[in-house]
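Construct all of the structure, not just a fragment, from the sequences and the given hints.
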Amino acid sequence: MSAGSGHDTMRITLKIWRQAGPDAKGGMVTYTLDTVSPDMSFLEMLDVLNEELLAKGEEPVAFEHDCREGICGACSLVVDGIPHGPQSETTVCQLHMRHYADGATIHIEPWRANAFPIVRDLIVDRSAFDRIIAAGGFVSVATGAPQDANATPIGGEIAELAMDAAACIGCGACVAACPNASAMLFTAAKVSHLALLPQGKVERERRALAMVGAMDAEGFGNCTNHFECMGACPKGISVENIARMNREYLRATLVSRDLG
Amino acid sequence: MLRWIANALTSSVGRKIVLGLTGLLLVGFLFEHLHGNLKLYEGDGEAFVDYVNWLQGYGWLLRVAEFGLLGLFVAHIVIALRLTLENREARRTGYVVRSSTGKKTAASASMFVTGALLIAFLIKHLLDFRFHHEFFDDPSGEVREHLASPGTAAIYILAALVLGLHLSHGFRSAFQSIGASHPKLDPILEKLGPLVAALLALGFASFPVYFLFFGGK
Ligand code: FES
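Chains A and B are the protein sequences, given in the same order. Under this note's numbering, residues 1 to 260 are what the first sequence spells out, in order. Under this note's numbering, residues 1001 to 1217 are what the second sequence spells out, in order.
Be aware that one or more of the hints could be misleading.
Some residues of chain A that are not near chain B, with every Cβ distance over 12 Å (derived) [claimed, not checked]:
hint, residue
1, G21
2, D34
3, A101
4, G103
5, A208
DSSO-like, lysine-lysine: derived pairs with alpha carbons at most 30 Å apart [unchecked claim]:
hint, chain 1, residue 1, chain 2, residue 2
6, A, K235, B, K1104
7, B, K1184, B, K1104
8, A, K15, A, K235
9, A, K201, B, K1184
10, B, K1103, A, K235
11, B, K1191, B, K1103
12, B, K1104, B, K1191
13, A, K235, B, K1184
14, A, K56, A, K15
15, B, K1191, A, K235
16, A, K25, A, K56
17, B, K1104, A, K15
18, A, K201, A, K235
19, A, K15, B, K1103
20, A, K15, A, K25
21, B, K1184, B, K1039
22, B, K1039, B, K1104
23, B, K1103, B, K1184
Covered by chain A, according to a simulated footprint, are these stretches of chain B (three or more residues, beta-carbon under 8 Å) [said to hold, decoys possible]:
hint, region
24, 1010-1022
25, 1082-1096
Hints are computed from structural coordinates only; laboratory data are not their basis. Beta carbons: idealized from backbone N, C-alpha and C, even for Gly.
Here it is in structure tokens:
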């Protein structure tokens, strides 16, 4: 923590969703922190809260985090009604308290979707995403010996588009933001990323059908093109990927030799 | 043998595609409907009578087309209803504090409500004309008589505006659903959507305004 950096400390009121377990009844609980430094990250502020709670013999607030540098997708907090908080294209672990004014009240809730059941407090079970990936979000190849890096030419533009889609960190903010709790942006990012590249094209039909099927089986909602997902995505992934997935799905339905 | 079709038509993406396609075809119908109605403005209503008679002249072919149209409406409505119910069910516990990232619009958030209002209007509209026997005896006169009544005119004007709101999201959204999105296409669609919506809304609203305030003259 950056105590003594010359900034004044802030008083922040937190209203946090507390829920002891998957089936327990949850509710918002209010906490007040008097010495929040503007240099702290949002998660560091929660660390401070948890230290205070532990010192008092109370249960700390359970929340997920890992890299704390915006690349792993573990952090998953809905801050004042927006997944990852008010700063666009920023994971909540990269959000800093200097964006808040002294005396602010902040609401913190978990991702909300039936397909993401609450484990405890702010932690939800996102294994539904793993099952969507397992259904086809990969390239099956017998790799053999490494080939020359330039043996498979890929245009710069395609590489960029694929890379933009591959920037998805699988955090689930798209689902949390969607009024319908739809997982289309996540699934579309994975389908797009692989369908654009020659290595992934080989299995594009099977992949599109299987991943959409797995997504539907998890009980996510359906996309109605609000585009809230794109607004919440910390990696700025475009809904153009959803249109591409729809094309891939339509194409796969027509050309796949799999009779169902 | 047809399992693959059933799979596609029950999947989230497959139904979105059908919803978008049927929506666009219905927009196509509305343009022809507007074109036919515009004949009310030509020469004391005779052009409209000619148009109605010309259409009726197709006999059983017209019936087939009407059933096709009914099919489009039913598919569009049934899918939209199912999707909406599923979407409500997908988040049983909502947020305590809810905010928007600024992408959704009043139109996108009210598609179900505007759709339901349009269904209600459609039923009234069909009862007023299509299933009203006197209509075919004197098409222009019946339209004038119905739309000159303030209550009916108000409903028709309101319905036209609701249609505009529905299409201001629906038109652009349909293209996205069928996979038609491209940096060259998207800026055009973003302008075309509101334009199509405004054109149809103002076009249809013009008839009750004309008959109510100008007595059809
Ligand atoms: S903790 Fe890794 S992205 Fe936030």
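For each hint given before, does the structure comply? Return the numbers of the non-compliant ones in rising order.
As far as the earlier hints go, 5, 21 and 22 are violated by this structure, in ascending order.
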